[in-house]
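S.K.: Residue numbers (our numbering), protein chains in the order written: chain A, 265 to 754; chain B, 2 to 491.
Any given hint could turn out to be false.
Claimed, not checked - Below, in silico cross-link-like pairs of lysine-lysine (DSS-like), each with a Cα-Cα straight-line distance of 30 Å or less:
#: 1; chain 1: A; residue 1: K465; chain 2: A; residue 2: K490
#: 2; chain 1: A; residue 1: K400; chain 2: B; residue 2: K237
#: 3; chain 1: A; residue 1: K349; chain 2: B; residue 2: K20
#: 4; chain 1: A; residue 1: K400; chain 2: B; residue 2: K20
#: 5; chain 1: A; residue 1: K287; chain 2: B; residue 2: K237
#: 6; chain 1: B; residue 1: K237; chain 2: A; residue 2: K349
#: 7; chain 1: B; residue 1: K358; chain 2: B; residue 2: K20
#: 8; chain 1: B; residue 1: K40; chain 2: B; residue 2: K19
#: 9; chain 1: B; residue 1: K20; chain 2: A; residue 2: K490
#: 10; chain 1: A; residue 1: K349; chain 2: B; residue 2: K358
Keep in mind that the hints were calculated from the coordinates and are not lab data.
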Amino acid sequence: MSEKELIFTPVIGIEIHIQLRTKSKIFCTCSADYTNDEPNTHICPVCMGLPGSLPVLNRAVVEQGMIAGLALNCSIVSPTLFFRKSYYYPDLPKGFQITQSDLPIAASGWLDIKDDAGAPKRIRINRLHLEEDVGKLHHSASDGRLEGAETSWVDYNRSGLPLAEIVSEPDISSAREAVEYVTMLRRRVRYVGASDVDLEKGMMRFDANVSMKCSDGRWGRKVEVKNMNSFRALERAIDFEIKRQIKVLKDGGEVLQETRHWNDAREVTRASRVKEFYRKFIVEPDLPPMIVAPDEVERARATLPEMPDRKAARYARELGLTEVDAAVLTDSPDVANYFEACVARGANPVRAGNWTRTEVLRVMGERRIDATELPVKPEALAELIRLIDDGKLSTTLAKSVFDSMLEGLSIEEAMKKGGVAEGGVGEGALAKLVAGTLAANPDVVDEIKAGKDVKGKKIKFLQGLIMRETKGQARPDEVTAAIEAALNSK
Amino acid sequence: MRLHESGVREIAAGIRAKKFSALEVFEDCLARTTACEGKISALITTAADEGRQQARRIDERLAGGENPGPLAGVPVMLKDNICTRGVRTTAGSRILGDWAPPYDATVWALLREAGAVLLGKTNMDEFAMGNTCGTSAFGPTANPWDVTRVPGGSSGGSAAAVAAGYVPFALGSDTGGSIRQPASYCGICGLKPTYGMVSRYGLIAYGSSLDQIGPFTRNVEDLALVMRILARQDSKDSTSTCGTRGECFSELRGDIKGKRVALVRDFRDFTLDPGIAEAMKRTIAALESAGAEMVEVSLPTVGRYAVACYYAIAASEAHTNLARFDGVRYGYTVSSSAGLKDMFQEVRSHGFGAEVKSRIIAGTCLTEPVRSEQYYVAATRVRSLIAKEFAEAFENADCILQPVTPSLAPEIGEVDDDAMKGYESDLYTLPINMAGLPGYSFFTGGYDAESGLPVGLQLVGPRWSDGELLNTGLALEKILGAPVIAKAGI
Numbered sequence: 265m266s267e268k269e270l271i272f273t274p275v276i277g278i279e280i281h282i283q284l285r286t287k288s289k290i291f292c293t294c295s296a297d298y299t300n301d302e303p304n305t306h307i308c309p310v311c312m313g314l315p316g317s318l319p320v321l322n323r324a325v326v327e328q329g330m331i332a333g334l335a336l337n338c339s340i341v342s343p344t345l346f347f348r349k350s351y352y353y354p355d356l357p358k359g360f361q362i363t364q365s366d367l368p369i370a371a372s373g374w375l376d377i378k379d380d381a382g383a384p385k386r387i388r389i390n391r392l393h394l395e396e397d398v399g400k401l402h403h404s405a406s407d408g409r410l411e412g413a414e415t416s417w418v419d420y421n422r423s424g425l426p427l428a429e430i431v432s433e434p435d436i437s438s439a440r441e442a443v444e445y446v447t448m449l450r451r452r453v454r455y456v457g458a459s460d461v462d463l464e465k466g467m468m469r470f471d472a473n474v475s476m477k478c479s480d481g482r483w484g485r486k487v488e489v490k491n492m493n494s495f496r497a498l499e500r501a502i503d504f505e506i507k508r509q510i511k512v513l514k515d516g517g518e519v520l521q522e523t524r525h526w527n528d529a530r531e532v533t534r535a536s537r538v539k540e541f542y543r544k545f546i547v548e549p550d551l552p553p554m555i556v557a558p559d560e561v562e563r564a565r566a567t568l569p570e571m572p573d574r575k576a577a578r579y580a581r582e583l584g585l586t587e588v589d590a591a592v593l594t595d596s597p598d599v600a601n602y603f604e605a606c607v608a609r610g611a612n613p614v615r616a617g618n619w620t621r622t623e624v625l626r627v628m629g630e631r632r633i634d635a636t637e638l639p640v641k642p643e644a645l646a647e648l649i650r651l652i653d654d655g656k657l658s659t660t661l662a663k664s665v666f667d668s669m670l671e672g673l674s675i676e677e678a679m680k681k682g683g684v685a686e687g688g689v690g691e692g693a694l695a696k697l698v699a700g701t702l703a704a705n706p707d708v709v710d711e712i713k714a715g716k717d718v719k720g721k722k723i724k725f726l727q728g729l730i731m732r733e734t735k736g737q738a739r740p741d742e743v744t745a746a747i748e749a750a751l752n753s754k
Numbered sequence: 002m003r004l005h006e007s008g009v010r011e012i013a014a015g016i017r018a019k020k021f022s023a024l025e026v027f028e029d030c031l032a033r034t035t036a037c038e039g040k041i042s043a044l045i046t047t048a049a050d051e052g053r054q055q056a057r058r059i060d061e062r063l064a065g066g067e068n069p070g071p072l073a074g075v076p077v078m079l080k081d082n083i084c085t086r087g088v089r090t091t092a093g094s095r096i097l098g099d100w101a102p103p104y105d106a107t108v109w110a111l112l113r114e115a116g117a118v119l120l121g122k123t124n125m126d127e128f129a130m131g132n133t134c135g136t137s138a139f140g141p142t143a144n145p146w147d148v149t150r151v152p153g154g155s156s157g158g159s160a161a162a163v164a165a166g167y168v169p170f171a172l173g174s175d176t177g178g179s180i181r182q183p184a185s186y187c188g189i190c191g192l193k194p195t196y197g198m199v200s201r202y203g204l205i206a207y208g209s210s211l212d213q214i215g216p217f218t219r220n221v222e223d224l225a226l227v228m229r230i231l232a233r234q235d236s237k238d239s240t241s242t243c244g245t246r247g248e249c250f251s252e253l254r255g256d257i258k259g260k261r262v263a264l265v266r267d268f269r270d271f272t273l274d275p276g277i278a279e280a281m282k283r284t285i286a287a288l289e290s291a292g293a294e295m296v297e298v299s300l301p302t303v304g305r306y307a308v309a310c311y312y313a314i315a316a317s318e319a320h321t322n323l324a325r326f327d328g329v330r331y332g333y334t335v336s337s338s339a340g341l342k343d344m345f346q347e348v349r350s351h352g353f354g355a356e357v358k359s360r361i362i363a364g365t366c367l368t369e370p371v372r373s374e375q376y377y378v379a380a381t382r383v384r385s386l387i388a389k390e391f392a393e394a395f396e397n398a399d400c401i402l403q404p405v406t407p408s409l410a411p412e413i414g415e416v417d418d419d420a421m422k423g424y425e426s427d428l429y430t431l432p433i434n435m436a437g438l439p440g441y442s443f444f445t446g447g448y449d450a451e452s453g454l455p456v457g458l459q460l461v462g463p464r465w466s467d468g469e470l471l472n473t474g475l476a477l478e479k480i481l482g483a484p485v486i487a488k489a490g491i
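So that you can see chain B by itself, here it is in the shape it has in the complex (with noise of 0.2 Å):
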């Protein structure tokens, strides 16, 4: 097996046993990225240098017998909302320029101090805004299992890049969906951790309270040992509530026996593409073979009303954190104009895409005093009873098993030209979100028989039962089995 097609564990293993060093298997993945990025197109910037730099870091640490830490030499990618101190950060948009930020992330500064190696930022959503990676300003990312197709988004890049073998892992940000969605799309796992359970510190903010950063892997137990570094406490972030929960990632033993899973009852006459309607069965299936109890939980409110409030509370946060994009201090700017309002109209018209506009001018409406109250208050009220719900419908279900899309990846192009068959697609994963539970969205062992596309489903539980999630999945995996690498078009 090449290097590039090891997974976390045994890159990490191989590296601390001198099997090979962090420089070859940097080397190895920057070479399948180089081979595959011409159709893919991944990655916004590569970030060879500083990798290599850091790759041969680590195994001068290593020579001079120092523990250099659970991810020592294992490459990663980032998407390119993560801030990462010096290496440009562009979050998708043509508005923040070549901006390199003064200061990293934490969760990047958390892997990079657990030895992981950055080789490059991954391409998405125009500040994290869509589900394809079409509106980026950097161009469209491609699928690595069918070209024509979307990796979906927004951490198109961060899936696409795991799925095509250039990283053993990379992290990705999920306000809506953006991680379970492109890990369906891309047949591999993703994790959307509980809201609280990884520092937002140095995520460049869509919806500041649905945000959250997760990994994407090609199986569980890696997913589970990236968590246990990411899962901290940062007092830099005032909503990172994880306390000592991230040792919920220790051991995944993939013992089902009398768990209860459900299945959602308001969700049960919605259309879904034949392939994951069979994906569903065999999921089932082996959840049964496993010793899990199949039951079936309520969520009304969710079904009716999620999709709507979710839009009017991401535009109303998202036009807040996008306003300080004016041109002032950093970023795309105007050399020249007639005055301070015509500079932030300029900077603002031309900086942003039309997908960052129509969410800014619907965040801006929506919160309009004479509105706020009928539209940003009402979806604030409503978003506290779905949270209820998920909470009561988890009394009787240890976590819910569902779609993360109704369909399979689009082709590029696709999507983009209906914007509310987009909207309509996000009902799985939106509201998991807005009651800030944690979804492992995994790969199902099987392929659409049409198109040949890998095919997904999710896993969400109550709040904190992230590693319990992991636990089923791991049981599910051995069943399943595990993502493997991506043609990606070569």
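Next comes chain A alone, as it looks inside the complex (with noise of 0.2 Å):
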């Protein structure tokens, strides 16, 4: 091997599953939500795949697809099949799994994320296809396996759920980029509502295929990583795997291709014990090509949002909002709803970004709901906001109002809840508490007068004395300003 220092450069592609949000399932007429209830109670003769049975496709599964599809750049297509996938498994009612496979509702999409080094990357999307969840196994051996287990337990509850399969090409060079390429993802189907796509639960899975390139030449084989439940899981993964087939091929080694399991706890990729089923396709025959009608595309289009990242750019690019703000602002749609419609009503966008960022997803956390069901509409948090740009409200005061009005107080009752007479303090007024305020504290403004207040500290005492005196609704800087004149005419 030459002195030349060798280059890997990772090969990644990603395979995500999604839950996509429906009521029932994809092929039966089942709950999909079973969160918190028994084992087996979400089942019938078809998600059970009972003799007889047979499937019928729930059309809410076809237009989430065809949305999330959309929401990827994607183009849908019409006809497409669906296929049986076979192979043997507990939890696989049927003994084999009804999916769409290589003949995908929506096929050819991109995301457009930033490289390691900052520069502009698309991501192309293979396909996202549409196929039904297993059931979920439970082992009585320790470590949670099949193997060894001396007694094993299935809950169909999850069997017949609607997935979505997205499947990138291999655009992907870093950890890094896997992640913003699934953050960006994530925050787009659950933008256009075809999941909620709640890691917690399960309703976003990870597989990363990770190869590497030499520079002198060689390839390594495809590996897939399989078991990642969460981003911090995928990036951690693929940091391992990057850095395992690096090692092995600097040591002169073959990467094998095979399926490696990521162990979340101990933080390693393990080759897979069981050996890989034997997959098989056939047509599935009870079910029709499905069809999409062109108008069907069309309509969806027309009603999707604007896309968060997209949006978050023009927050940053037209508000003057940061990156990092305007990301938070357009995670979810609600929020990016409330944040607007507080802007339309005049408010200064810095300004109601920043009180929607803290207070508003603050008590969002808080109390469970979400930015629609804030008892402060977006119209009266802008009205506050304009008071505060007035100088009629200071922010600590504004904040005290902001919790009054949570509690389902107009703004009006909450400032006199708070003792806030709107419009401040009359010039008079004002100059009347300074003036009192100076004669109290001589020395201070004796301080001040022998250029002592180097760092404005003082000035800021007698400030924060007066503004004390009005409940706040004193305008700081014209009570700096009062301050100033009373010192410099005396």
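Grab the two chains, each in its own frame, and use the hints to assemble them into the complex.
M.R.: So, in structure tokens, the structure goes:
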């Protein structure tokens, strides 16, 4: 091997399973929401694969799949088919999974992210296809795995939940890019309402295909890394796999084509102990070809909201928000809508952004509500912000008014309750207050006059006293100006 | 005439007119069944208690002035691959154990709603794979015309039961002749409806794109009456495309003046048993005397490729349909085994019979990724050609007259020794399922001079011409005579 250092470029493709948001399962009418329910209480002959049962496609799944596809810049394909993908496992009640596989409803999409150097990069999406989820296994073994378990139980509540599998092209070159890609993707599908993508509930799962291209022309084989259920796991698993493969290649070894499982507790990938299933496909004879009419696609396209990443870019460009703030505000559509309604009522965008990002999100988190359920409507917040901008309320006092409004008071009532009269403090009254305060603190006045208030702390102290007197009604800058005027006139 | 010798319409009318009660009919049919079963073995399960209760209920409703439906009190037997809630359903296999489905097949729900009373579940080749009833895990059924001979299959139990006068009608299923061939061997009427005419929901699948449920009766007008109830659009079966086409069974006129009935040129040189050749001549003469015009059509692809392609498709679909029998959720299982793989192997090795295993293995091989294109996919392409060829043939003919099988019912055990002979005898039946066409199997009014066995033939028409086939059937029945009840060895 030459002295020249070898360069390794990771080549990564990601497969994402998301649970589409529908009331019922993909091929039967069982409820799709089984959170906290007893095992095997959301089952019927169809999702249990009983002999004689037949699947009937839930049209809502098709719509959600189409919307998710459009959100990922995919073209919608029609007609498409479902296939039977055969393998044996106890969580698979029919011995095959019904999946669109490589004849998907949506194909050839993309998402634009930034590469590790910050330059724009397009990640191509091969396809989004529809399929059914399988049941869940619980094993008595201490490591929670099937092998060696004394007893295993199967819960088929999850069997038949609607999934979309989203397969990227191998355009990703780092764990960071992978995380940016899946973050953007998650935000988009949640934005269009296609999925709740709740990671804790397993509504989004990742597999990564990782291989290495070496500057000496060698290509490592593709390794499929499975079992990542969080962004963090995805990032760590890819990082681990990149390092592992580089080491193998540097040592002159060969990367085997295999499936490896991410062990989240130990933070390593391990070669799968079970031999990969031998999977075969035939056309699902129980389902006719799936048709999506062009006008259905156009109707869905017309209802698509502005995508969160585009929206964030616009907030930064047109409203002067920082990229970080813009990302937070656009993370979910209800918050973005709240913020935009506030700005539409004339609120200063930066201030509206700050209030939404802090107070609104705080209350949403505390009360576990979404922005539409917030007692303080965006119009009211806009008014509050206008009062701050006009100097009629300090930020501190505005927050206590906001808190009162959260209890259902109108802005006027909230201000009265806080002892605040709208309109600040009249000029004459302010002058009187300033004179009184200065008279009561001669030592401070003397020190200022002696030029000892280099950092302006003494003036701030006086200002604070006056603000307290006015219960925050006075405008801080007016108070400072009045103090300075009084000092100078003496 | 004894009650059990009456047809569907006579029994229904008699009960409605209170000439006799539903319970009387039931008991008489049950007595006939009990008397013959020792010789015939047409049943896997007798539903005496359930049926008696249903019959009583019909009598009560009639006494109360209600209309319990067009089939009120008519006893029926169902092939044992049709799911009946709470009544054991085995598909002729050991692997289902004593499984009692938690739901009703749509056809049984329709019949029960129309007032029909379940008397039993009939014997069949295991998972409908066979043409003698000889692959049933419950032993063979005998032909009521000659108990040393087979009744045909796979719906042999249903055909034998109707021929022996257990019941005036029964249901079977036809994947590649499984209604038409036993109807022919047993000298009765059987209809394999157009694919999509009758719901498959609750039919334990063999080849899903080929399977169709249909009735056996002892006259063609009874067949039409039963079809009026079965031919319904079903939202539980995505391949149900019946719409309002069930109306085609409303009124049979028996007038076939000017109808073009075709013989298939490509079948002309094939050998037929003398009794069948003679029946062809008699039937042609009858058709001509009723005013029909005899023509010829050509089906070269059908003659050459249909059988091979049929088995490729049927086995490919079957091996996925049977993948669900793994001992995890229902049916036959093993109490303890070394591990998951052992459990699957043990359950499937002991649960399935030899014929089923051979078709599962064939299906597995034909759909292997390396072979799929050459076999399974190629067969699906030929299938489209076959459908097209039939469609073209029906531009010049209203229906086709052809044998059901080239020979009459063989002796029990005879066919089972030579599987290939059984396969060859499928040429006249399988292509009809490949093209999704209706096939009406009827008794020609004649018996084979040598064996004394009844001789049947079939009429095949374009899709949705089921009503027209029965109409031609009525014209023939008027000339040739309707089936009579077999002695059943007693």
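S.K.: Each of the hints needs a verdict: does it hold here or not?
M.R.: A quick look at each hint next to the structure:
1. K465(A) <-> K490(A): 17 Å, holds
2. K400(A) <-> K237(B): 26 Å, holds
3. K349(A) <-> K20(B): Given pair K349(A), K20(B) is violated - Cα atoms ~57 Å apart, limit 30 Å.
4. K400(A) <-> K20(B): 58 Å, violated
5. K287(A) <-> K237(B): Holds - the C-alpha atoms of K237(B) and K287(A) are around 18 Å apart, at most 30 Å.
6. K237(B) <-> K349(A): 22 Å, holds
7. K358(B) <-> K20(B): The given pair, whose Cα atoms are some 51 Å apart, is violated under the 30 Å limit.
8. K40(B) <-> K19(B): It is violated: about 33 Å lies between the C-alpha atoms, which goes past 30 Å.
9. K20(B) <-> K490(A): Violated, at about 72 Å.
10. K349(A) <-> K358(B): 20 Å, holds
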